[in-house]
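Produce the complete structure using the sequences and hints provided.
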Amino acid sequence: MPGPYRETDLTEKVEAFLSDLKRGGSGTGPLRGSAETARETTALLRRITAQVRWSSAGDLMEVIRKEGRRMSAAQPSETTVGNMIRRVLKIIREEYARSRGSSEEADQQESLHKLLTSGGLSEENFRQYFTALKANVIEAINELLTELEGTTDNIAMQALEHIHSNEVIMTIGRSRTVEAFLKDAARKRKFHVIVAECAPFCQGHEMATSLSKDGIETTVITDAAIFAVMSRVNKVIIGTQTVLANGGLRAVNGTHTLALAAKHHSTPLIVCAPINFLFISGEILSKVNVHCPVFDYVPPELITLFISNIGGHAPSYIYRLMSELYHPEDHEL
Amino acid sequence: MQIEGKELTKEEKQRLRKEKKQQKKGKEKKDASLPQVSVAETAAPASQLKAERRARQEAERTSKQSKKGDTGQPATTSKPKIPPNELQPGTQNTWSDHPHHMLYLIKQWLSPEIFFFQIPRRLDYGYKVSLFSHLLQYSRKAPLTQQLSIPSAVIHPAIVRLGLQYSQGIVAGSNARSIALLHAFKQVISDYTTPSNEELSRDLVNKLKPYISFLNQCRPLSASMGNAIKYIKKEISNIPSQFKEDDAKKKLLNCIECFIEEKIVLAAKAIAKSSIEKINDGDVILVYGCSSLVNHILCEAFEKGRKFRVIVVDSRPRLEGREALRRLVQKGISCTYVLISAVSYILPEVSKVFLGAHALLANGYVMSRVGTSQIALVAKAFNVPVLVCCETYKFCERVQTDSFVSNELDDPDDLIVTRKGETQLKDWQQVPRLGLLNLVYDVTPPDFVDLVITDLGMIPCTSVPVVLRVKNVDLL
Chain A
1 MPGPYRETDL TEKVEAFLSD LKRGGSGTGP LRGSAETARE TTALLRRITA QVRWSSAGDL
61 MEVIRKEGRR MSAAQPSETT VGNMIRRVLK IIREEYARSR GSSEEADQQE SLHKLLTSGG
121 LSEENFRQYF TALKANVIEA INELLTELEG TTDNIAMQAL EHIHSNEVIM TIGRSRTVEA
181 FLKDAARKRK FHVIVAECAP FCQGHEMATS LSKDGIETTV ITDAAIFAVM SRVNKVIIGT
241 QTVLANGGLR AVNGTHTLAL AAKHHSTPLI VCAPINFLFI SGEILSKVNV HCPVFDYVPP
301 ELITLFISNI GGHAPSYIYR LMSELYHPED HEL
Chain B
1 MQIEGKELTK EEKQRLRKEK KQQKKGKEKK DASLPQVSVA ETAAPASQLK AERRARQEAE
61 RTSKQSKKGD TGQPATTSKP KIPPNELQPG TQNTWSDHPH HMLYLIKQWL SPEIFFFQIP
121 RRLDYGYKVS LFSHLLQYSR KAPLTQQLSI PSAVIHPAIV RLGLQYSQGI VAGSNARSIA
181 LLHAFKQVIS DYTTPSNEEL SRDLVNKLKP YISFLNQCRP LSASMGNAIK YIKKEISNIP
241 SQFKEDDAKK KLLNCIECFI EEKIVLAAKA IAKSSIEKIN DGDVILVYGC SSLVNHILCE
301 AFEKGRKFRV IVVDSRPRLE GREALRRLVQ KGISCTYVLI SAVSYILPEV SKVFLGAHAL
361 LANGYVMSRV GTSQIALVAK AFNVPVLVCC ETYKFCERVQ TDSFVSNELD DPDDLIVTRK
421 GETQLKDWQQ VPRLGLLNLV YDVTPPDFVD LVITDLGMIP CTSVPVVLRV KNVDLL
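Heads up: the protein sequence lines correspond to chains A and B, in order.
What the first sequence shows, in the working numbering, is residues 1 to 333, in sequence order.
What the second sequence shows, in the working numbering, is residues 1 to 476, in sequence order.
Rather than coming from a laboratory, the hints here were simulated on the basis of the structure.
Being a predicted model, the structure only gives us computed values, none of them experimental.
Just to be clear, a hint being listed does not mean it is correct.
Example chain A residues on the side facing chain B (calculated, C-beta under 8 Å, incomplete) [to be verified]: (1) S55; (2) G58; (3) F201; (4) H205; (5) S212; (6) A224; (7) F227; (8) R232; (9) N234; (10) N253; (11) T257; (12) P293.
Note that CB positions come from ideal geometry on N, CA and C, so glycine has one too.
Rendered as structure tokens:
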């Protein structure tokens with residue numbers, strides 16, 4: 001059983017975070033970017049690891065799972081919370097395995113093996129106690145945090161490889177990743193951007209003002225004009241809320257139409273998403289509400305390329321990344 | 001021979017007779033005949049002053065011609081109020097002396113600028129996106145009467161009112177605009193009196209030209225309006241010259257009534273009858289925006305007892321779907337309302353898509369409200385049949401393959417919206433590289449459309465040029 005929390009302000013922090021999540025998702029759409037949520041979740045998990053009393057890895061994982069369930073329940077559509085928790089759980093498993101002495105190469109070979117066979121290391125129960133485990137886990141979480149902080153920059157650095165001059169690029173709504181991506185490219189290249197405003201929240205307006213202030217030639221169009229204008233567009237670059245295991249997307253509504261229009265004109269569709277956006281789901285997630293769906297499901301056939309902080313991938317490669325990031329037993333928190 | 005409103009002295013009458021003879025001589029020299037743009041109401045100044053003024057203007061013109069190479073354009077723009085009397089009998093004594101002048105007048109007649117004389121151009125508003133810089137973009141906030149000085153003596157007040165209604169969007173929708181246009185023309189015709197030395201068939205057509213150019217400035221003409229105007233002009237020029245004025249006017253008014261009755265009202269009934277066969281019980285029908293014809297069809301089908309429900313798709317900034325929703329709900333039809341970005345979410349439930357059209361082009365493309373092609377695309381991806389309903393008078397000989405070459409740009413300020421208390425695009429004019437694009441129409445390729453329902457029957461999209469050809473044989 002997890003021991004009592006040593007400090008009450010940890011509880012306060014957790015509660016504050018949960019209420020933030022609840023507020024952030026209700027009604028008016030996500031108030032902060034998914035990257036920020038990911039960072040905060042990870043920071044909170046690090047705090048929990050440091051301050052909660054636990055004797056073995058199994059206890060720690062229990063605590064984190066419990067908190068994780070609460071956080072996911074607070075805001076079901078914000079999947080990065082769940083993702084971060086699964087990443088941390090995987091980190092704990094890895095550190096534990098390393099402390100026990102199994103080598104890393106065996107792990108990697110086994111991951112492919114694990115994909116093909118079910119079960120795997122079922123005799124692990126994480127009961128052994130290692131002194132250095134806590135320090136190792138915290139260090140690994142710190143690495144994760146640095147990775148998270150650098151994701152947007154990493155993605156933006158790849159911009160010049162994908163945008164040539166005098167291009168017309170279309171995007172929809174507002175994504176901070178795409179914004180950074182385009183601004184980085186604009187430093188060296190000249191191109192036009194067409195932003196679809198994405199009613200009813202019209203976040204495209206913010207994107208357009210921000211891009212044009214940086215000197216990028218921007219045009220705002222209504223959602224109805226997406227197909228009409230698509231014939232002159234060279235590339236479509238979008239951000240997303242979540243990347244699914246089959247390579248599909250869960251993105252802001254209107255993205256499916258955009259993807260279909262791009263497919264019809266054979267325009268490449270590029271998705272910029274940090275790696276922590278990967279989410280485990282076999283089936284299509286159900287839409288949020290009936291008349292004003294907030295998200296769209298975009299099938300993987302319509303997507304050309306994913307750009308993440310670790311480089312570019314085809315949609316068919318996503319399942320592999322998924323297996324490296326998360327342990328199959330953590331799929332159900 | 002009298003110029004209206006004034007009694008002439010003997011000398012002036014003689015001079016006029018002489019000038020008329022020379023005019024006839026001048027006419028034989030040129031192939032084309034000058035349009036007699038007479039305006040009955042303007043008071044004619046003394047012909048002496050006229051001749052002096054004319055001579056001065058010709059001198060200015062010839063000097064300007066030598067300065068610039070282009071003859072037609074600069075004179076028109078610098079002198080927006082060239083008095084029409086100039087082209088009446090009286091000018092002719094100078095033609096034989098000034099060949100440049102003749103050439104200039106020929107060019108002026110042949111160039112489209114002749115139709116814009118007396119109607120000053122309306123000013124563009126705001127930054128135009130580079131792909132569309134060949135189109136005009138107006139603001140709705142600045143009232144038309146402030147921008148254009150409308151010479152009231154030239155434009156009939158019914159037309160002025162119509163133009164204002166168009167520019168403010170009070171009359172919108174291609175059927176509504178055509179009907180309003182025809183009613184205004186009826187008024188013009190009943191108020192018309194033929195000037196003494198003119199023929200009704202030619203003079204009335206010329207009278208209509210500045211009206212049409214004025215309406216074009218208020219809001220670009222739609223294809224249906226263009227076809228209606230062609231019909232009227234044909235009818236007018238076919239009036240035999242023996243007809244007395246009253247009879248001719250009665251005949252014209254009758255023709256217009258027939259046109260409205262046949263091509264619009266009866267056509268709607270015929271289309272409704274054919275469409276009802278396509279609506280089955282239990283259908284879920286998707287409609288976009290507010291098309292008077294599609295609303296009519298759905299109301300008729302509901303009255304005939306068909307059981308179906310409707311999904312109304314709407315889009316910013318016009319939000320016309322709300323009007324359609326109101327009309328359908330009033331009838332008692334159960335409706336759902338979504339924005340166009342949710343179309344791919346809702347399409348799996350839909351069994352048919354009914355779309356209205358603004359015009360059908362000769363290459364089979366459907367020109368309609370912006371967003372229609374998007375809906376057709378997504379419907380095709382989900383294998384839902386798309387039916388377009390369109391009367392034959394909207395068929396147009398133009399061809400177009402994309403939405404850029406010929407379109408209408410609406411007021412860009414319509415895109416500005418306040419959300420969460422913030423208006424992001426409030427000062428978009430100040431931001432140097434930001435453009436707002438408010439398209440009105442787009443073209444749908446024929447492979448997205450499964451069937452076109454017209455008053456002549458149900459045809460595939462590719463049969464439109466066949467219908468046009470048949471129509472042209474008997475000229476509408």
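How the hints compare with the structure:
1. Hint status for A/S55: violated, given a least beta-carbon distance of 48 Å to chain B, over 8 Å.
2. The beta carbon of A/G58 comes no nearer than 43 Å to any beta carbon in chain B, farther than 8 Å, and the hint placing it at the interface is violated.
3. Below 8 Å, beta-carbon pairs count as interface contacts, and A/F201 has one with chain B at about 6 Å; its hint therefore holds.
4. The interface hint given for A/H205 is met, as the beta carbon of that residue sits about 4 Å from the closest beta carbon of chain B, less than 8 Å.
5. Look at A/S212: its Cβ gets to within about 4 Å of chain B, closer than 8 Å, so that hint holds up.
6. Restraint check, A/A224 versus chain B: the minimum CB separation of about 3 Å is within 8 Å; hint holds.
7. At about 4 Å, the closest approach between the beta carbon of A/F227 and any beta carbon in chain B falls short of 8 Å, and the interface hint on this residue holds.
8. For A/R232, the suggested interface contact is upheld, since its CB lies about 6 Å from the closest CB of chain B, less than 8 Å.
9. For A/N234, the shortest C-beta to C-beta distance to chain B is roughly 13 Å, which exceeds 8 Å, and the interface hint is violated.
10. At about 5 Å, the closest approach between the beta carbon of A/N253 and any beta carbon in chain B falls short of 8 Å, and the interface hint on this residue holds.
11. The restraint placing A/T257 at the interface with chain B holds, with a minimum CB-CB distance near 5 Å, inside the 8 Å limit.
12. Interface restraint check for A/P293: the shortest CB-CB distance to chain B comes to about 5 Å, inside 8 Å, so the restraint holds.
Violated hints, listed in ascending order, are 1, 2, 9; each of the other numbered hints is respected by the structure.
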